[in-house]
Every structure is written in structure tokens, then in C-alpha cells.
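So the sequences go chain by chain: A and B. Convert by adding 216 to the 1-based position in the first sequence; the result is the number in this note's numbering. Convert by adding 25 to the 1-based position in the second sequence; the result is the number in this note's numbering.
If you are wondering where the hints come from, they were derived from the structure by calculation, not from laboratory data. Incorrect hints may have been included.
In silico DSS-like links for lysine-lysine, alpha-carbon gap of 27 Å or less [unchecked claim]: (1) 135(B) - 257(A); (2) 28(B) - 258(A); (3) 257(A) - 28(B); (4) 230(A) - 280(A); (5) 236(A) - 271(A); (6) 258(A) - 135(B); (7) 258(A) - 94(B); (8) 280(A) - 258(A); (9) 257(A) - 236(A); (10) 94(B) - 28(B); (11) 257(A) - 230(A); (12) 258(A) - 230(A); (13) 236(A) - 282(A).
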Amino acid sequence: GAVVSQHPSRVICKSGTSVKIECRSLDFQATTMFWYRQFPKKSLMLMATSNEGSKATYEQGVEKDKFLINHASLTLSTLTVTSAHPEDSSFYICSAQDAGGPTSNTEAFFGQGTRLTVV
Amino acid sequence: DAKTTQPNSMESNEEEPVHLPCNHSTISGTDYIHWYRQLPSQGPEYVIHGLTSNVNNRMASLAIAEDRKSSTLILHRATLRDAAVYYCILRAWYNNNDMRFGAGTRLTVKP
Chain A
217 GAVVSQHPSR VICKSGTSVK IECRSLDFQA TTMFWYRQFP KKSLMLMATS
267 NEGSKATYEQ GVEKDKFLIN HASLTLSTLT VTSAHPEDSS FYICSAQDAG
317 GPTSNTEAFF GQGTRLTVV
Chain B
26 DAKTTQPNSM ESNEEEPVHL PCNHSTISGT DYIHWYRQLP SQGPEYVIHG
76 LTSNVNNRMA SLAIAEDRKS STLILHRATL RDAAVYYCIL RAWYNNNDMR
126 FGAGTRLTVK P
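So here's chain B without its partners, still in its complex pose:
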């Protein structure tokens, strides 16, 4: 499986934008880039995913580098409820589409 690399932790102030980076230099052409987050004592929840173009939804934006070797999850206005561990995952159409989690980035939001 293609591997992703994320910073262990990041801090943000409430109501400010947050940019969470992810490196995936060995990504293949058919890998989708998925982001999930996990709040304390809960299962992960879907945030966003994309292939080549930047994506926006009600939760966040996903900016994908032109060479696809990195991506950035953007939370436009961080709230205290956004404090979580954020996981960047590559999903291939083959390999039974399993989902393997890396260490993720623990986001702390300060009031």
C-alpha cells in the first residue's frame, strides 16, 4: 500500500483556518486520497476525498498538488469541535479496497 506521512500534531486557534498536510510521494495514478477524522472515544468519520482536482464540501476543502504527491486538508474556521485526530488515507480500486490508517495528525484547537 502507498504510504502517507503526516505531522504528529498541530495546533490552531478557534475561528482561524487550519491547513493539515499529507505527503504521499508513492501514490499511484488510481489511488484516491481520503481524509477521515476521529474524535475522542468515537469511530472515525468521513471528511472528504478526491483524485486529482481540489474538492470542497460542507466540512472542509481538499487541495491536491498537481503531481499528487501531497495534499492539504483545509478547515476554513476551526471550532473546538474540530479537535480530533485527522487521517489521510490512500485507497486503491484493487487490493480489496481495504483502509489502513497511519498515525494521523492530532489537531488541538485553542479557544
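Next up, chain A with everything else stripped away, as it sits in the complex:
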């Protein structure tokens, strides 16, 4: 089946630094990618929807200057957490959908997640 690769799987960074997370669709083209964050024992919270070649659409309450999303190609989207703080520590997950069909009738593929720890 289709594969979405997310990198890194785990990262520790110092407060005030920035961290970039990559999400790649390995064997299909993804017009749209989604970014989520998940706190322990909680469900996934949609942060933003990333469309290739255009600006991301952020959910209410998610700071676009804090969480920079770039979707420069049909196979790559990146999430950059800028000036990270300990409260940004979380599990970040990306999802991609094959652009080849009606998305409501198509499965979505998820990356393996990135555990970010800000110290």
C-alpha cells in the first residue's frame, strides 16, 4: 500500500530553537496533506491543511507564524515549529491523500509521527 514517510521520528531541541518536520508521500502524489498534534492519552487535533503550491489553512487557535507549513511539491510538506517552547512538546502527525480520486471515498495515509520534546 501507499506509504507516507515522516522524519524525524523523534527530536529533542532547546527552547528558542526551530525544528523542521518533513512529511513525504513515497509512491503517490498528494495534493493535500494534513498536520495534527496529539497530547498523551488524547485524540489527534487537526492543526492545518496543506495544499500544494498554496498557503496552508490553519485551524482556529493555531498560530501560523509559530507553525510554518510549506507544501512545495506533490510529495513533500514540511512543518516548522519556530521558537519552540516546552509547551510545544507533543506528538506531531502528518497525513496525505492520493490526488487521484475523490478524497471522501479514498483512504488517507499517515506518517509514523514525530515526538518533539523541547527542553
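Knowing the structure of chain A, use the given hints to seat chain B on it.
Leaving out everything else, chain B in the frame of chain A:
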């Protein structure tokens, strides 16, 4: 977005069938019913989806009520590897097809 309601947790014995319910009373005619599951410390994975008719695949079966206001994910023989959080999600063809997760059902499988 149409909302789904699932029990917070369920338990099953290994090698027995499991029926995971989902209520979606405000579903619209064009919403697909999707199920995903998330194993610990991993991203979610697709299980099954359907519109009106019951669906079967190698992982599970999806039984959809005639009025589509509820559905049931059926694992025919639960294994320890099936212990996960199971999410029932409605996906509309409009609204940029985003996927919003509810709380899901945490399935525990006992040996």
C-alpha cells in the same frame, strides 16, 4: 462537520469477535464512514470505509445501519495486535475533505 459518538473503551478476549459501535445521527447523504486505528506511539492506519452497503476487507467488516445513523466495525477474531484506539470518522466530499478525529474507542484485548 457531522459528529460521531463512540464508547470510550471496550475489552475483548483474544480470538473472539469484537463489535465496535459508532453513532452518527447527523450524517448527511454524501458522507462516507471511515474507520482508522492507532497503535501506541504510531500514526493512525486505515481500517475500512463505506457509504451505504456493508463492506468487508482483510482487516475487518463494516456494518452500516439502514438509516446510516450508526455503524459497527467488526473484528472477526481479535488478536493482541488489535489493541489500539479505533476512530470512526465521517468524510464529506466538500469542506476540503479534512479529517477530524473524535475521542475514539480504546480497545483492550485480553489473552
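Taking the hints in turn, this is what the structure says about them:
1. Our distance criterion of 27 Å between C-alpha atoms is met by residue 135(B) and residue 257(A), whose separation comes to about 20 Å.
2. Restraint check for residue 28(B) and residue 258(A): satisfied, since their Cα atoms lie roughly 17 Å apart, inside the 27 Å limit.
3. Between residue 257(A) and residue 28(B) the alpha-carbon distance is near 20 Å, which keeps this suggested pair within the 27 Å criterion.
4. Distance restraint check for residue 230(A) and residue 280(A): the Cα-Cα separation of roughly 21 Å lies within the 27 Å cut-off, and the hinted pair is therefore satisfied.
5. For a cut-off of 27 Å, the pair hint linking residue 236(A) to residue 271(A) stands: about 17 Å separates their Cα positions.
6. Proximity of residue 258(A) to residue 135(B) is assessed by CA-CA distance (about 23 Å); at most 27 Å being required, the pair is judged to hold.
7. For the hint linking residue 258(A) to residue 94(B), the alpha-carbon distance of about 25 Å falls within 27 Å, and the restraint holds.
8. A C-alpha spacing of about 23 Å is found between residue 280(A) and residue 258(A), which places the hinted pair at or below 27 Å, so the restraint holds.
9. Under the criterion of a C-alpha separation no larger than 27 Å, the hint pairing residue 257(A) with residue 236(A) is consistent with the structure, at around 24 Å.
10. Simply put, residue 94(B) and residue 28(B) have alpha-carbon atoms about 11 Å apart, close enough for the 27 Å limit, and the pair holds.
11. Restraint check for residue 257(A) and residue 230(A): satisfied, since their Cα atoms lie roughly 25 Å apart, inside the 27 Å limit.
12. Restraint check: the Cα-Cα separation between residue 258(A) and residue 230(A) comes to about 25 Å, which is no more than 27 Å; the hinted pair holds.
13. The straight-line distance between the Cα atoms of residue 236(A) and residue 282(A) is roughly 12 Å, inside the 27 Å bound, and the hint therefore holds.
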